[in-house]
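First to last, the protein sequences are chains X and Z. To convert a position in the first sequence, counted from 1, into the working numbering, add 341. To convert a position in the second sequence, counted from 1, into the working numbering, add 9.
Mixed in with the good hints there might be a few duds.
Unchecked claim - Which chain X residues face chain Z? A few, computed with CB under 10 angstroms, are given here:
id, residue
1, SER410
2, ARG432
3, ARG611
4, PHE643
5, ALA644
6, GLU645
7, GLY646
8, VAL650
9, THR678
10, GLY681
11, ASP685
12, VAL708
13, VAL710
What the hints assert, rightly or not - The calculated EDC-like cross-link candidates involving lysine to aspartate or glutamate, where the alpha carbons are at most 20 angstroms apart (straight line), are:
id, chain 1, residue 1, chain 2, residue 2
14, Z, LYS15, Z, GLU28
15, Z, LYS48, X, GLU720
16, Z, LYS15, X, GLU402
17, X, LYS617, X, ASP642
Stated by the list, open to error - To spell it out: a stretch of chain Z is covered by chain X in this simulated footprint if at least three of its residues, at any positions, have a beta carbon under 8 angstroms from a beta carbon of chain X; those stretches are:
id, stretch
18, 21-35
19, 43-54
20, 58-67
FYI, nobody ran anything at the bench for these hints, they're computed from the structure. Quick reminder that beta carbons are idealized off the backbone N, C-alpha and C, glycines included.
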Amino acid sequence: MRRIYLDSNATTPMRPEVSAAMIPIFSGDFGNPSSIHWFGQQAKSLVDEARQQVARLIHAEPSEIVFVSGGTEADNLAIRGIAESQKAKGRHIITSRIEHHAVLHTCKDLEKQGWEVTWLNVSPDGLIDPEDVRRAVRPDTVLITIMHANNEIGTIQPIEEIGAIAAEADVYFHSDGVQSTGKIPVDVKKLQVDLYSISAHKIHGPKGVGALFVRKGTTLKPLLTGGGHERNRRSGTENVAGIVAFGIAAQMAREGLATETDYMRQLRDRLEIGLKARIPSIHINADKAPRLPNTSNIMVDFAEGEGLVISLDLKGVAVSTGSACSSGSLEPSHVLTAIGKTPDEAHGSLRFSLNAMNTAEEVDYVVEVLPGIVERLRELSPYYKRA
Amino acid sequence: MPYSSKLLDYFENPRCAGELADANAIAEVANPVCGDVMKLWLKVAANRIIDARFKTQGCSAAIATSSYATEMIIGMDLNQARAITREQIAEALGGLPQSKMHCSVLASDAIRAALRDFK
């Protein structure tokens with residue numbers, strides 16, 4: 342069967358150049374970058390090159406890039422690392438209700454351990470008001486952590502404004518940039534973030550590798566103790582193949598930004614215009630807010646999201662949903678709840694997330710098959726009355 | 010795909026979907042866990058279910074188990090129908106992933122609720 346992948350906020354396929362770059366590392370350039378012999382130094386220079394490539398993508402210095410195992414570890418290192426290193430100053434953290442679970446659950450864990458957390462609300466469009474951040478800052482605030490772009494609805498937060506507030510208050514500022522990096526331009530200097538998380542597999546790199554940008558001069562308690570790799574910020578022999586591939590993916594993402602952002606936006610708009618024209622009673626979340634160019638979160642009245650996802654999958658189309666029925670916890674999406682949607686509304690949510698390898702023809706196929714799927718599920722609903 | 014081909018068949022081609030104009034027992038139940046909703050129409054005569062139809066707004070497992078249970082009870086006497094458990098329904102469809110086991114409770118609840126309505 343023909344397969345169409347529109348779930349790129351979950352993960353992306355590696356670009357062929359990226360996977361090709363990994364192969365020589367497995368048996369040829371297999372050295373340990375900590376070794377002083379030729380094999381080790383060969384590996385070290387490959388890691389250094391990748392560090393430059395990743396740094397360039399977000400306008401950081403190479404020395405400010407700490408390679409880790411992925412977005413989750415980057416978020417944990419940033420939040421726990423600052424919380425632990427700053428606890429003499431205070432134990433108050435500011436975050437939002439729509440963060441990724443890697444931030445949400447880390448902050449909840451710190452809350453259990455005695456830190457105080459302010460959970461900022463968002464507007465119905467999913468946006469944080471920077472003034473709310475300003476008002477939440479206290480003398481004992483040690484960290485503000487607000488995601489750059491939301492993985493479910495795609496809203497882009499006013500990070501630059503929040504960064505200015507954090508700088509003025511002299512509070513460390515972390516942003517989870519896992520979804521924004523590679524999809525929109527990111528400049529950590531302009532954003533005034535001290536810490537910024539990125540993940541390779543969301544930008545056509547491999548799984549199991551990511552990075553935390555740590556601004557020069559930031560004190561951070563490491564999560565792992567060991568050989569003091571990554572300038573004492575992250576011990577453990579480097580995932581050289583993953584890091585090299587991440588570097589290539591970052592370079593290609595940077596080169597593609599100018600054209601791919603617009604391309605994805607055109608496809609996304611084509612999808613939304615097509616679906617709105619052909620399916621009555623659907624609503625696009627956060628469509629008035631600044632949004633990632635690749636993300637579309639749609640609520641379908643009188644149909645349930647898991648059933649829509651399975652039906653689309655049976656037609657070869659991969660998407661996701663924030664419905665309680667598809668989550669292990671059986672709770673509706675915390676993001677949709679935070680923007681004021683009822684569990685009933687979240688029940689019918691669908692997330693499409695594109696990448697630059699998708700085509701207009703793929704989008705047209707979805708626009709062609711989804712109306713029939715929705716109609717079939719609505720016919721089965723005890724509440725649906727055909728107009 | 011976390012489901013059996015039999016379950017997917019009942020999801021894609023549900024049997025006994027729709028409403029029953031001459032039903033004499035009707036119930037609508039909601040799943041408190043996830044919010045799925047099922048409405049069941051029964052026609053009961055001489056202590057036996059002689060026809061049944063359903064409508065469900067819910068996930069694929071909820072729709073498939075609704076359909077299978079509705080089809081299954083046609084022809085049963087009322088005590089047989091009341092005795093149907095969610096495990097029976099889930100097993101008949103090739104089992105459900107642990108996180109979806111609650112879906113099959115919708116159908117067994119609806120049957121019992123409709124039969125209470127008939128009394």
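Now the hints, each set against the structure:
1. Annotation: X/SER410 was flagged as interfacial toward chain Z, and the flag is violated, the nearest CB pair being 26 angstroms apart, outside 10 angstroms.
2. For X/ARG432, the interface hint is violated, the least distance from its beta-carbon to any beta-carbon of chain Z being 36 angstroms, above 10 angstroms.
3. Using the Cβ-Cβ criterion of 10 angstroms, the hint placing X/ARG611 at the interface with chain Z is not satisfied: the shortest such distance is roughly 28 angstroms.
4. Annotation: interface hint on X/PHE643 holds; nearest CB of chain Z at approximately 6 angstroms, less than 10 angstroms.
5. Of the supplied interface hints, the one on X/ALA644 holds, with its beta-carbon coming within about 7 angstroms of a beta-carbon of chain Z, less than 10 angstroms.
6. A least Cβ separation of about 5 angstroms between X/GLU645 and chain Z falls short of the 10 angstroms threshold, and the interface hint therefore holds.
7. Proximity of X/GLY646 to chain Z holds as hinted, the smallest CB-CB distance being about 8 angstroms (cut-off 10 angstroms).
8. A hinted interface residue such as X/VAL650 counts as satisfied when its beta carbon comes closer than 10 angstroms to some beta carbon of chain Z; here the least separation is about 9 angstroms, so the hint holds.
9. At its closest, the beta carbon of X/THR678 sits 13 angstroms from a beta carbon of chain Z; the interface hint therefore is violated under the 10 angstroms criterion.
10. Contact between X/GLY681 and chain Z, as hinted, is not supported at the beta carbon level, the nearest pair being about 17 angstroms apart and thus beyond 10 angstroms.
11. Below 10 angstroms, beta-carbon pairs count as interface contacts, and X/ASP685 has one with chain Z at about 6 angstroms; its hint therefore holds.
12. With a cut of 10 angstroms, the hint placing X/VAL708 at the interface with chain Z is violated, because the nearest CB-to-CB distance is about 21 angstroms.
13. The criterion of a C-beta within 10 angstroms of any C-beta in chain Z is not met by X/VAL710, whose closest approach is roughly 13 angstroms, and the hint is violated.
14. Among the hinted pairs, Z/LYS15 with Z/GLU28 is inconsistent with the structure: their alpha-carbon atoms are about 24 angstroms apart, more than 20 angstroms.
15. Between Z/LYS48 and X/GLU720, the direct Cα distance comes to roughly 13 angstroms. Compliance with the 20 angstroms bound is thereby established for this hinted pair.
16. For the suggested pair Z/LYS15 and X/GLU402, the alpha carbons sit about 56 angstroms apart, so the restraint of at most 20 angstroms is broken.
17. About 13 angstroms separates the Cα atoms of X/LYS617 and X/ASP642, which keeps this hinted pair within 20 angstroms; it holds.
18. Given as covered by chain X, the stretch 21-35 of chain Z passes the check, having 3 residues with a CB less than 8 angstroms from a CB of that chain where 3 are the minimum.
19. Three residues within the 8 angstroms Cβ limit are the bar, and the stretch 43-54 of chain Z against chain X gives 6, so the coverage statement holds.
20. Counting residues of the stretch 58-67 of chain Z whose beta carbon lies closer than 8 angstroms to any beta carbon of chain X gives 4, which meets the minimum of three for the stated coverage.
In this structure, the earlier hints numbered 1, 2, 3, 9, 10, 12, 13, 14, 16 are contradicted, and the remaining ones agree with it.
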